[in-house]
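Chemist: All chains, full assembly: derive it from the sequences and hints.
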Amino acid sequence: MTATVAEAVRLVLLTADPPAKVKAARAAARDWRLGRLAHAFPVAMPDRPARGDRPELLPPSRMPKRGRAGSLRARIAMLHALAHIEHGAIDLAADVIGRFGAAFPRAFVDDWMRVLAEEAMHFAIVARRLHALGAAYGDLPAHDGLWEAAEATAGDPLARLAVVPMVLEARGLDVTPAMIDRFAASGDAASARVLRRIFDDEIGHVATGVRWFESCCRAQRFDPPAQWRKLVDTYFRGALKPPFNDSARESAGLTRDFYAALAERDSVFHKAPSPSRDERPALEHQ
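To convert a position in the sequence shown, counted from 1, into the working numbering, add 52.
Among the hints, erroneous ones may be present.
With beta-carbon atoms standing in for the labels, derived distance ranges [stated by the list, open to error]:
no., residue 1, residue 2, range
1, 237, 158, 19 to 27 Å
2, 96, 124, 42 to 50 Å
3, 98, 191, 20 to 28 Å
4, 55, 252, 29 to 37 Å
Calculated from the structure, these hints are not laboratory results.
Small disclaimer: the values here were computed from a predicted structure and weren't measured.
C-beta: ideal position from N, C-alpha, C; glycine also.
Modeler: And the structure:
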């Protein structure tokens with residue numbers, strides 16, 4: 053049996069097979085919840101998670117376009133892109149625990165283990181939905197933008213919290229409601245229900261990031277919105293793109309005083325987004 057929390061999440065990161073990764077993530081979360089893992093960090097996290105041969109990873113500029121809106125091909129492409137995001141989110145949750153957990157109290161691991169379990173569940177339910185539509189994760193190409201954000205912030209827990217939950221996952225709150233509407237309009241109520249479940253959970257994930265970001269800022273006597281803007285300027289090369297789902301963001305504690313000024317500046321100066329830094333908007337345009 054894995055003895056420490058770091059070993060448990062390292063195993064998640066080193067597991068390439070997606071169903072086995074889901075199983076490892078669920079086991080880590082369960083063992084932590086049951087007190088089977090010591091709050092200890094004797095092993096380092098890998099620079100990159102293990103990956104299988106599929107899906108093929110392409111630069112964002114080479115990603116194929118989707119089919120006609122509402123078609124089966126387009127719905128499969130959207131679900132495949134979402135499955136890839138959730139697969140990457142499993143690794144991001146495991147990495148934030150193993151890479152930064154030693155600097156935080158046990159409650160940090162409590163929170164991110166819950167996120168880890170939910171990301172594993174999200175991947176599993178999207179993969180099942182793909183299967184029901186005659187497809188599978190790995191059938192289509194994908195890109196590695198989420199892990200690039202992890203690499204950029206590997207040396208700074210505050211930067212990781214600023215960029216991953218508070219930019220990338222928050223972007224999911226902006227775009228997912230429209231995706232739900234598209235699935236519903238095409239008669240795919242089952243996929244719409246899957247996305248609704250994920251959307252509701254992601255509000256909690258963003259809230260977890262905001263809560264720990266603000267806690268770190270208070271400990272270091274930083275103003276949270278000002279420090280967030282500084283870190284986003286430093287570590288995130290994309291633009292903050294409206295429209296924003298202000299109500300969902302506010303439910304997560306991510307109020308407009310964090311992002312409104314940066315978004316306005318990006319709009320004025322036409323700052324070009326880097327898709328490799330933000331995979332969520334790709335769901336709208338692939």
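Chemist: Decide, hint by hint, whether the structure agrees.
Modeler: Now the hints, each set against the structure:
1. 237 to 158: 19 to 27 Å: Because 45 Å falls outside the window, the suggested range is violated.
2. 96 to 124: 42 to 50 Å: holds (44 Å)
3. 98 to 191: 20 to 28 Å: holds (26 Å)
4. 55 to 252: 29 to 37 Å: holds (34 Å)
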